[in-house]
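Just so you know, the sequences run in chain order A and B.
For the first sequence, the positions run 1 to 256 when the numbering used here is used.
For the second sequence, the positions run 1 to 221 when the numbering used here is used.
It should be emphasised that the hints constitute simulated quantities derived from the structure, not laboratory data.
Every value quoted in this text rests on a predicted model; they were computed, and no experiment measured them.
Think about it this way: if two alpha-carbon atoms lie no more than 25 angstroms apart in a straight line, the pair counts; the simulated SDA-like pairs of lysine to any residue are:
{"#": "1", "chain 1": "A", "residue 1": "K161", "chain 2": "A", "residue 2": "L30"}
{"#": "2", "chain 1": "A", "residue 1": "K54", "chain 2": "A", "residue 2": "A67"}
{"#": "3", "chain 1": "A", "residue 1": "K54", "chain 2": "B", "residue 2": "Y178"}
{"#": "4", "chain 1": "A", "residue 1": "K231", "chain 2": "A", "residue 2": "Q45"}
{"#": "5", "chain 1": "B", "residue 1": "K114", "chain 2": "A", "residue 2": "P62"}
{"#": "6", "chain 1": "B", "residue 1": "K114", "chain 2": "A", "residue 2": "D138"}
{"#": "7", "chain 1": "B", "residue 1": "K54", "chain 2": "B", "residue 2": "D111"}
{"#": "8", "chain 1": "B", "residue 1": "K114", "chain 2": "A", "residue 2": "T173"}
{"#": "9", "chain 1": "A", "residue 1": "K161", "chain 2": "B", "residue 2": "A109"}
{"#": "10", "chain 1": "B", "residue 1": "K114", "chain 2": "A", "residue 2": "M60"}
{"#": "11", "chain 1": "A", "residue 1": "K44", "chain 2": "B", "residue 2": "P55"}
{"#": "12", "chain 1": "A", "residue 1": "K43", "chain 2": "B", "residue 2": "N102"}
{"#": "13", "chain 1": "A", "residue 1": "K43", "chain 2": "A", "residue 2": "K54"}
{"#": "14", "chain 1": "B", "residue 1": "K114", "chain 2": "A", "residue 2": "Y69"}
{"#": "15", "chain 1": "A", "residue 1": "K118", "chain 2": "A", "residue 2": "V76"}
{"#": "16", "chain 1": "A", "residue 1": "K44", "chain 2": "A", "residue 2": "T164"}
{"#": "17", "chain 1": "A", "residue 1": "K36", "chain 2": "A", "residue 2": "S75"}
{"#": "18", "chain 1": "A", "residue 1": "K161", "chain 2": "B", "residue 2": "I43"}
{"#": "19", "chain 1": "A", "residue 1": "K161", "chain 2": "B", "residue 2": "G121"}
{"#": "20", "chain 1": "B", "residue 1": "K114", "chain 2": "A", "residue 2": "L221"}
{"#": "21", "chain 1": "B", "residue 1": "K114", "chain 2": "A", "residue 2": "Q28"}
{"#": "22", "chain 1": "A", "residue 1": "K199", "chain 2": "B", "residue 2": "P198"}
{"#": "23", "chain 1": "A", "residue 1": "K199", "chain 2": "B", "residue 2": "N192"}
{"#": "24", "chain 1": "A", "residue 1": "K106", "chain 2": "A", "residue 2": "T42"}
{"#": "25", "chain 1": "B", "residue 1": "K141", "chain 2": "B", "residue 2": "V85"}
{"#": "26", "chain 1": "A", "residue 1": "K243", "chain 2": "A", "residue 2": "S228"}
{"#": "27", "chain 1": "B", "residue 1": "K24", "chain 2": "B", "residue 2": "I61"}
{"#": "28", "chain 1": "A", "residue 1": "K199", "chain 2": "A", "residue 2": "E175"}
{"#": "29", "chain 1": "A", "residue 1": "K54", "chain 2": "B", "residue 2": "Y108"}
{"#": "30", "chain 1": "A", "residue 1": "K35", "chain 2": "B", "residue 2": "D111"}
{"#": "31", "chain 1": "A", "residue 1": "K44", "chain 2": "B", "residue 2": "K54"}
{"#": "32", "chain 1": "A", "residue 1": "K118", "chain 2": "A", "residue 2": "Q64"}
{"#": "33", "chain 1": "A", "residue 1": "K183", "chain 2": "A", "residue 2": "S239"}
{"#": "34", "chain 1": "B", "residue 1": "K114", "chain 2": "A", "residue 2": "Q58"}
{"#": "35", "chain 1": "B", "residue 1": "K54", "chain 2": "A", "residue 2": "A139"}
{"#": "36", "chain 1": "A", "residue 1": "K43", "chain 2": "A", "residue 2": "D138"}
{"#": "37", "chain 1": "A", "residue 1": "K106", "chain 2": "A", "residue 2": "Q34"}
{"#": "38", "chain 1": "A", "residue 1": "K243", "chain 2": "A", "residue 2": "F132"}
{"#": "39", "chain 1": "A", "residue 1": "K54", "chain 2": "A", "residue 2": "L66"}
Residue strings, one per chain:
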Amino acid sequence: MRQSNTYIIVFSLILTVVLGGLLSGVSQVLGPAQKKAVDLDTKKQILGAIPAEKAALQSMTPEQILARYSEVISSVVADYNGNLVTTNEKGEPIVAENVNIEKNYKKPVDQRVFPVFKYSENGEEAYIVPTFGAGLWDAIWGYVAIAPDLETIIGVSFDHKGETPGLGARITTDEVQARYQGKEMYDAQGEFVSIEMVKGENHSDSELGANKVDGMAGATLTANGVNSMLKNYLGYYQSYFDKNVRNANAMTLNNN
Amino acid sequence: MSTETLEAPVVKEKEALLSKRRKKFVTDPLNDDNPVTVQVLGICSALAVTTQMKPTLVMAISVTLVLMFSNLIISLMRNAIPTRVRIIVQLAVVATLVTLVNEVLKAYAYDMYKELSVFIGLIITNCIVMGRLEAFALGNKPYDSMLDGLGSGLGYSWIILAVAFFREIWGSGNVFGYPVFEAIGIENFPTNGLMVSPVGAFVVLGFIIWVQRTKTGYVEH
Numbered sequence: 001m002r003q004s005n006t007y008i009i010v011f012s013l014i015l016t017v018v019l020g021g022l023l024s025g026v027s028q029v030l031g032p033a034q035k036k037a038v039d040l041d042t043k044k045q046i047l048g049a050i051p052a053e054k055a056a057l058q059s060m061t062p063e064q065i066l067a068r069y070s071e072v073i074s075s076v077v078a079d080y081n082g083n084l085v086t087t088n089e090k091g092e093p094i095v096a097e098n099v100n101i102e103k104n105y106k107k108p109v110d111q112r113v114f115p116v117f118k119y120s121e122n123g124e125e126a127y128i129v130p131t132f133g134a135g136l137w138d139a140i141w142g143y144v145a146i147a148p149d150l151e152t153i154i155g156v157s158f159d160h161k162g163e164t165p166g167l168g169a170r171i172t173t174d175e176v177q178a179r180y181q182g183k184e185m186y187d188a189q190g191e192f193v194s195i196e197m198v199k200g201e202n203h204s205d206s207e208l209g210a211n212k213v214d215g216m217a218g219a220t221l222t223a224n225g226v227n228s229m230l231k232n233y234l235g236y237y238q239s240y241f242d243k244n245v246r247n248a249n250a251m252t253l254n255n256n
Numbered sequence: 001m002s003t004e005t006l007e008a009p010v011v012k013e014k015e016a017l018l019s020k021r022r023k024k025f026v027t028d029p030l031n032d033d034n035p036v037t038v039q040v041l042g043i044c045s046a047l048a049v050t051t052q053m054k055p056t057l058v059m060a061i062s063v064t065l066v067l068m069f070s071n072l073i074i075s076l077m078r079n080a081i082p083t084r085v086r087i088i089v090q091l092a093v094v095a096t097l098v099t100l101v102n103e104v105l106k107a108y109a110y111d112m113y114k115e116l117s118v119f120i121g122l123i124i125t126n127c128i129v130m131g132r133l134e135a136f137a138l139g140n141k142p143y144d145s146m147l148d149g150l151g152s153g154l155g156y157s158w159i160i161l162a163v164a165f166f167r168e169i170w171g172s173g174n175v176f177g178y179p180v181f182e183a184i185g186i187e188n189f190p191t192n193g194l195m196v197s198p199v200g201a202f203v204v205l206g207f208i209i210w211v212q213r214t215k216t217g218y219v220e221h
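This is chain A alone, in the form it adopts within the complex (with noise of 0.2 angstroms):
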């Protein structure tokens, strides 16, 4: 009886509805608090991008966390040319924090929405964005915070999913985080250039100059992931600057 394909085929669908509303149940009850989460994780690493309020974040609670991005930042949603969106092609509106920047990455570079979130904190400012790409194993990302004059980098939150620990998974510590404040993704000609992060480490900061970094032995390939990543991402975002930024300022930075 117990060898009868019948009571296989019985027992395997008892089994799998029991288990299957098991999972399916407990992700619904425990979705809020997985949600919860994901926003507080993605607001720290927001906020993680001002060095001054990454020193900061340690020691505080997740309410106090969310009381202190609420205050100090603000958050828009432009398209790849550059002009303001508010609702997506649903016509739902988009809220900045909820883009998943993984999933538009995987659209056409022109579909994407790049969100951006201001940074203000006693006539202190900054443009946090956030860039996407990959490492040598897997997904990296971070966002950037970029100083009001578009230029220089006041500084970087880089996290990943797979990298070597203690080779490429170090872009995640404030060690090489740090490297990048006051670097400038503009050359002296006024070309855009990113930032790249150099082969090999210990250059002098005579040697790196203003538009790049020193690098991680070891880990040139998650390196090179990283620079194809701000390149990448810092690139898109120049339209915004262009259009609401820098014409705003009545500046021309830019003069192609």
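We have chain A already, so just place chain B on it with the hints.
Structure of chain B alone, referenced to chain A:
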């Protein structure tokens, strides 16, 4: 071996339920029949998650819970499971439990989830879990099976925690993220990059197995 002292209160608490025979289910896998160092199972996760103690502890708890409850559930169902599909049934139960652990971590310990979710998922393929189900739970009563799962889980836990302790203290100078060397006044402790990479886990695990086999006199046949 800290887990042995940890173990004592648990054993005492359930004394009435713990005959000598049952006690052996829990204590055997701690040393003489350790799943990692003697049976050499579950090595992959022992290498992957042990760079720091905090994620290692979460991993140890997760594996122990999955082991206990999959053993319990399979043992409860053991007379109903058709022999020909038993492996698939075991997998389904283990996968469900692992997904539950992962979902709970995602909701309440998101930082740990980010760091560990890949490895939590891989508990499904951890040979210790399937091994105990096949070797024990299918032929024993539920309570005994649960104790067996607890024993194997603790055996796995203390080994990976020991590995993580040495890797974290030599690799980054911390214990549970606390900078011990700075605390005792050594500011420039030379950390060893080898310990942070998986190679370091092999080395530490090798030493643990060496010391253990010297003491127990266990010889591979």
